[in-house]
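In order, the protein sequences belong to chains A and B. Its first residue numbered 57, the first sequence is counted upward by one per residue in the working numbering. Its first residue numbered 4, the second sequence is counted upward by one per residue in the working numbering.
A portion of the hints provided could be inaccurate.
As the list claims (entries may be wrong) - Calculated pairs, DMTMM-like style, for lysine to aspartate or glutamate (alpha carbon to alpha carbon, straight line, at most 25 Å): (1) K166/B to E131/A; (2) K90/B to E181/B; (3) K166/B to E63/A; (4) K121/A to E54/B.
By construction, these hints were calculated from the structure, which means they are not laboratory data.
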Amino acid sequence: MNHQPFETWIFAQEDLNEADRLALQQHLEACQACRSLQEKWESLHEELQAPAMLAPRAGFTRRWKAGLAEKRLREQRRQAWKVFLTFSGATTAVVLVMIAYALLTSTPAEWVQAAMRTVTETVGTYSAVRELTTAWMNLTPLGLNIVIWIALGVTFCILAFIWVYAIWRTAFAGVWNK
Amino acid sequence: MNNLEAGWLQRAIQGDQDAFAYIVETYQRPVYNLCYRMLGDPQEAEDASQETFWRAYQALRRYDQQRSFITWLLSIAAHYCIDLQRKRRFPVMALDILPEEDVPDSAPDPEKVFNEMEQKGQMQTLLSHLGPQDRAAIVLRYWYEFSEEEIARTLSLTVSAVKSRLFRARKEMALAWEKHSTLSLPERRKNESPAL
Ligand SMILES: [Zn+2]
């Protein structure tokens with residue numbers, strides 16, 4: 057016996073029109089195999105009418121919050137690493153470009169010469185600065201000198217703080233603003 | 004979704020974490036149930052539900068507010084579970100470890116609860132006979148009473164593809180049901196291996 061299209065219709069009864077429904081009914085009366093299949097589906101379909109909804113273990117939202125905090129921390133670290141790698145990568149690239157440029161435009165002998173010249177010049181500058189400082193110290197009273205040193209020290213500290221804060225912001229602010 | 008929930012959702016979209024935690028609290032059950040029906044293991048279902056909410060949290064700005072929120076959320080869960088199932092070669096069905104059931108407040112009749120538990124184990128067994136997408140279609144159809152159009156939208160399929168999947172799944176389940184229901188309960192429990 058040919059079971060099609062009845063076999064399909066058994067599982068799609070909501071789509072059938074009146075005529076098809078009647079034809080299916082007639083086939084079911086005549087065909088034992090399709091009737092058995094129909095009965096199975098009917099009993100299963102009943103079970104599927106009000107299936108049980110399962111709930112997670114208590115504390116699901118608490119676990120969600122904990123997981124979220126952990127994921128954000130991980131993302132923060134990843135971003136900090138990204139900033140660090142970008143900076144060091146850029147620095148390395150600049151140094152490499154400078155070395156390549158130096159190699160293209162000059163010879164090692166010229167470098168040695170330039171290095172020697174720089175050392176001599178630096179020593180010269182250093183002794184000149186020292187002489188100047190000594191002369192200045194001798195000319196001015198002690199109190200004024202102390203004030204100037206403190207002012208220089210404070211300025212340096214403020215600059216260092218701004219520098220550290222700027223790096224810290226670039227590394228973390230992106231994550232915290234999200 | 005009522006007005007109160009819409010308000011929370013609005014706040015969550017603007018980046019309010021507490022509002023999103025409220026969303027998690029509200030929708031944990033439907034999401035978890037879908038993951039459990041798809042994966043058949045309480046721990047995996049827990050992990051998949053947490054992952055679903057994490058993905059929703061990240062994609063919340065892209066959520067189209069014309070769509071139903073629960074449909075969008077269940078779509079994320081279904082796609083994630085289908086991917087998981089495709090990646091793993093042997094589906095694991097831990098039938099003996101069942102999660103808490105959403106039992107109504109009235110005093111439970113012991114025999115009825117036992118039958119329901121048993122029924123549930125069988126239901127998971129029946130679902131485990133289906134491929135991931137067919138299973139998702141069946142679960143959305145009967146547990147969530149989705150129309151064929153809603154299932155098609157949730158699973159990114161055409162309506163005719165959903166129809167043919169539902170037909171195939173129903174037939175497979177009916178045939179599997181025929182085999183299982185002929186065995187009596189104690190025999191079935193004894194002979195059943197935990198991994199089907
Ligand atoms: Zn027939």
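Results of checking the hints against the structure:
For the hint pairing K166/B with E131/A, the CA-to-CA distance comes to about 43 Å; that exceeds 25 Å, so the pair is violated. Of the pairs offered as hints, the one joining K90/B and E181/B is violated, with about 30 Å between alpha carbons and a cut-off of 25 Å exceeded. The straight-line distance between the Cα atoms of K166/B and E63/A is roughly 14 Å, inside the 25 Å bound, and the hint therefore holds. Restraint check for K121/A and E54/B: satisfied, since their Cα atoms lie roughly 12 Å apart, inside the 25 Å limit.
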